[in-house]
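**Q** Listed here are the chains, written in short residue letters.
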Amino acid sequence: MKLSIEEVEHIAALARLALTDAEKQRYAEQLSDILDYVAHLDELDTEHIPPADSVLDETLRLREDQARPGLSHNDVLRNAAETEDGQFKVPPVLGG
Amino acid sequence: MTALTDLTVHEALAGLRTGEFSSRELTEAYLARIDALEPDIHAFITLTPERALAGADKADAILKTQDDPPPLTGLPIAVKDVLCLAGVRCTCGSKILDNFIPPFTATAVQRLMEAGVIPLGKTNTDEFAMGSSTENSAYRPTRNPWKTEHVPGGSSGGSAAAVAARMAPAAFGTDTGGSVRQPCSFCGVTGIKPTYGRTSRYGLVAYGSSLDTVGMIARNVADLALLFQQFAGFDPLDATSVREPVPAYNLPETSLLNDLRIGVPEEYFIKGIQKEVEDGVKAAIAQLETQGATVLPIHLPHTEYALPVYYLIAPAEASANLARYDGIRFGPRLGEGEELWEMFSQTRGQLFGAEVKRRIMLGTYALSAGYYDAYYRKAQKVRTLIKRDFEGAFDQVDVIAAPVAPTTAFKFGQHTDDPLAMYLEDVFTLPANLAGVPGLAFPVGYDKDGLPIGMQLMGPHFSEALLFRVGHAYQLATDWHERRFDAKRYAKGLKP
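Going down the list, the sequences are from chains A and B. Note that this note's numbering has the first sequence beginning at 1, numbered continuously upward. Note that this note's numbering has the second sequence beginning at 1, numbered continuously upward.
Calculated directly from the structure, the hints in this document are not laboratory data. All clues stand as given, with none of them false.
Which chain A residues face chain B? A few, computed with CB under 10 Å, are given here:
hint, residue
1, Leu41
2, Ser72
3, Lys89
Pair by pair, the computed Cβ-Cβ distance ranges are:
hint, chain 1, residue 1, chain 2, residue 2, range
4, B, Gln350, A, Lys89, 15 to 23 Å
5, A, Glu7, B, Gly413, 25 to 33 Å
6, B, Leu420, A, Asp21, 21 to 29 Å
7, B, Ala354, A, Ala39, 19 to 27 Å
8, A, Gly70, B, Glu391, 35 to 43 Å
9, B, Arg140, A, His10, 30 to 38 Å
10, B, Tyr371, A, Ala22, 23 to 31 Å
11, B, Ala61, A, Ser54, 42 to 50 Å
12, A, His48, B, Gly337, 51 to 59 Å
13, A, Asp45, B, Phe234, 37 to 45 Å
14, B, Ala239, A, Val76, 15 to 23 Å
15, B, Arg89, A, Ser54, 30 to 38 Å
16, B, Phe234, A, Lys89, 36 to 44 Å
Note that the structure is predicted; figures quoted are calculated from it, not measured. No residue lacks a Cβ here, since even glycine has one placed at the ideal position from N, Cα and C.
Turn these sequences into a full structure, and let the hints guide you.
**A** Right, here's the structure in full:
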């Protein structure tokens, strides 16, 4: 199977990755090779096999709903590129 | 006199307890060794000498004043740079976290620190633990201490190289597809990849969440068991951490392995495996047989499908986990002045490395509309078959013995242009992650170039105690794990 440049651009847009033309070319080839390789899985009949949602038998349990100390406001904001008035600051979502 | 950096964890702790040397002396010895070797090895991304020495002085005060200090008081160790340590930069080998200083500490690291260890620094890794050689680190590759033109393996290559070069007596690693075991094999050290859920993932920067495990690397099984005892177990902060009680990882004083059944899977001795690796692992299995074990041929028929299953599931999970790197809450921001979506794309496109982008793209594709059933769901179904292979095998045998990797450490650049060839290096380590079972890797010989050969033992879920017993019995009877490389060959200014 051969991915087109348009398909690579579509995937990159979904993944929010700005790629150069050279990268698009390279990923089109490399991802095509990898997808050919993983197509080996089609050799197996898995119609009646359940998907492995967990490797362990233990199921998830709920915990007590108890308040516990968390990170401080300052700790949470400390690594942000930009903050204002104790909030994360982001660029405009819609064109201004 | 033996150099302090030559002592095992057990020996170092005994010396600290009796006051033969102080934690400051031990820590200074490791920092001096790091100073001398780091220019050649590049095992660390961030070193924290002042912090370590302050910790050592505190440990010395505790050792002097407390009758029963925490069990690991005063022991320096290294931490892979994907595990958070509050106040110390955590890069994950990526430029997108170049300036990230976590406000909290990973549970596994926290528990060892409560038991008394002192972090020396953060070790190099392939970016977000995606790789088998450390060549995907955005900083610089780590070199194999045995032969510096060879890779140390990955992604925990910095940790394995640091332990092999005696820049730390032990180091945290993480294993999502072989990232503890394969570098242990390449560097001739001993490492545990635990059962999924046995150790807490809290504070481990997520890669493939259904596969990620926090493990440990040391010079021998006895040290590993001692350290693992202190951080294994349930953590309410990790939703997939399990409540199964942690047994005492006591080790035998005898090398006898009567009543042990070892399975040897035919599918792990395939065409293309390096002859010396095959011979070395078979000799180690024969050695275990002389110690009383019964060896049985077994089959894990879906082994060949582990690679395609892994390279769908891990990238799919990675594409979701790495969506959080968007230039808002942490990391540098690029595309300033652009709209929000363009800022996301510029930040991610420019700051993620080639392999990370490749896996995000692959995972995004496998999860995208119209392809989910064909790729991701199909892979999850085959994962069930791989898990059943192991369940069937463990009805017949107690442990499985196999090579860790098809070759010894390869050279830099050998696979960098061919991602599939690089992925094939993981062919023997991926199945344990997909089935969630534990694996113990340790050296069982050396090839003609003097590069280490590794074997892994795999067991049923929560069988770490058994793996430690068998590995320890092997190391009582052999001395491959005690062999060391000649540091004087290339290190300058190193005291004999």
